[in-house]
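**Q** The sequence shown runs 147 to 450 under the numbering used here.
These are computed hints drawn from the structure, not numbers from a lab.
Hints may be right or wrong, so weigh each one.
No more than 30 Å apart at the CA atoms, straight line, and that leaves these computed lysine-lysine pairs for DSS-like [to be verified]: (1) Lys327 to Lys298; (2) Lys421 to Lys433; (3) Lys260 to Lys272; (4) Lys217 to Lys298; (5) Lys194 to Lys275; (6) Lys421 to Lys154; (7) Lys298 to Lys260; (8) Lys217 to Lys260; (9) Lys194 to Lys167; (10) Lys298 to Lys264; (11) Lys201 to Lys217; (12) Lys433 to Lys385; (13) Lys201 to Lys272; (14) Lys154 to Lys194.
Everything numeric in this text was worked out from a predicted model, so none of it was measured.
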Amino acid sequence: MSNVIETKGLSKEYENIFRVKDVDLSVPEGAIYGFLGPNGAGKSTTLKMVLGLAKPTTGEISVFGRNVNSKNRLANLRDVGSLIESPSYYGHLTGEENLRIFQTLRGVPKENIKEVLKIVRLDNQKDKKVSHYSMGMKQRLGFASALLGYPKLLILDEPTNGLDPAGIQEMRELIQSLPQKFGMTVVVSSHLLSEIDQLATSVGIIREGELVYQDRLSELHKYSKHHLAVRTLNNDLTKSLLNQNGVSWESEEEYLLIPKMNDSVMAELSKTLGKNNIGVVRIEERKKSLEDIFLELTGTAVSL
Numbered sequence: 147m148s149n150v151i152e153t154k155g156l157s158k159e160y161e162n163i164f165r166v167k168d169v170d171l172s173v174p175e176g177a178i179y180g181f182l183g184p185n186g187a188g189k190s191t192t193l194k195m196v197l198g199l200a201k202p203t204t205g206e207i208s209v210f211g212r213n214v215n216s217k218n219r220l221a222n223l224r225d226v227g228s229l230i231e232s233p234s235y236y237g238h239l240t241g242e243e244n245l246r247i248f249q250t251l252r253g254v255p256k257e258n259i260k261e262v263l264k265i266v267r268l269d270n271q272k273d274k275k276v277s278h279y280s281m282g283m284k285q286r287l288g289f290a291s292a293l294l295g296y297p298k299l300l301i302l303d304e305p306t307n308g309l310d311p312a313g314i315q316e317m318r319e320l321i322q323s324l325p326q327k328f329g330m331t332v333v334v335s336s337h338l339l340s341e342i343d344q345l346a347t348s349v350g351i352i353r354e355g356e357l358v359y360q361d362r363l364s365e366l367h368k369y370s371k372h373h374l375a376v377r378t379l380n381n382d383l384t385k386s387l388l389n390q391n392g393v394s395w396e397s398e399e400e401y402l403l404i405p406k407m408n409d410s411v412m413a414e415l416s417k418t419l420g421k422n423n424i425g426v427v428r429i430e431e432r433k434k435s436l437e438d439i440f441l442e443l444t445g446t447a448v449s450l
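Construct all of the structure, not just a fragment, from the sequences and the given hints.
**A** Here is the structure:
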């Protein structure tokens, strides 16, 4: 599978501080790529460089297999739609009139306006002035403008901002339908781990301008190792018996954490503890949550 976006050593320096440093993005064709990181981690800056809205300090950018530079940027990005930060609009015009301006500038068919309004569920609000739109409606109008040309690549920066829970669900379902319905590759940036977990097929995690993880989302879930938490009335003696039986352990408050084992092995271990008059208070199956993995990779709290 080819990559729609590739960057090599992509960096951006502002006032002698690297906001993005040596980022090597690989966005597979047909993927929903979740670009995840805390606020201020460098997500928007990276996407702006891919779109040519910011000039890299160093590094290379390739879109659709072609290097992007100042001379060919517009030609290379003709098949790219984007919604970066707050959507732009003319408040004194209606939603449909706003889209008509974008349609004219992009030279796409007029009938696309009606189609994208229906896709983002603004067809009943198309004649209302945008100044009277809610924040969520404005966000959907920005999404509609990004979809106007049915781009091969769609880049969305925090697309669920301002949406209520029902709107977030609608947006998620819409984004998930795009690769199969229109053959699009979608890049979605977010600081919300739960959102990316429900949406993306591949993920890149950025921390303080550096890419700390990139792979399929299913691979990230493999970091979530299962283990057993055992609490007894004599943990010190239990530690000794675990050592004698070759079972590794870690202490966590009143529990001993041991590797997950099948039922028969666990039954034998319980029998051994009983023979040594050790009362077993509780045995729990645990696994590292995706939030814990994110925290380890980013070194910061995660928004949920």
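**Q** Give a verdict on every hint.
**A** Here is what the structure says about each hint:
| no. | hint | result |
| --- | --- | --- |
| 1 | Lys327 to Lys298 | 12 Å, holds |
| 2 | Lys421 to Lys433 | 29 Å, holds |
| 3 | Lys260 to Lys272 | 9 Å, holds |
| 4 | Lys217 to Lys298 | 21 Å, holds |
| 5 | Lys194 to Lys275 | 29 Å, holds |
| 6 | Lys421 to Lys154 | 61 Å, violated |
| 7 | Lys298 to Lys260 | 20 Å, holds |
| 8 | Lys217 to Lys260 | 33 Å, violated |
| 9 | Lys194 to Lys167 | 14 Å, holds |
| 10 | Lys298 to Lys264 | 20 Å, holds |
| 11 | Lys201 to Lys217 | 13 Å, holds |
| 12 | Lys433 to Lys385 | 21 Å, holds |
| 13 | Lys201 to Lys272 | 36 Å, violated |
| 14 | Lys154 to Lys194 | 15 Å, holds |
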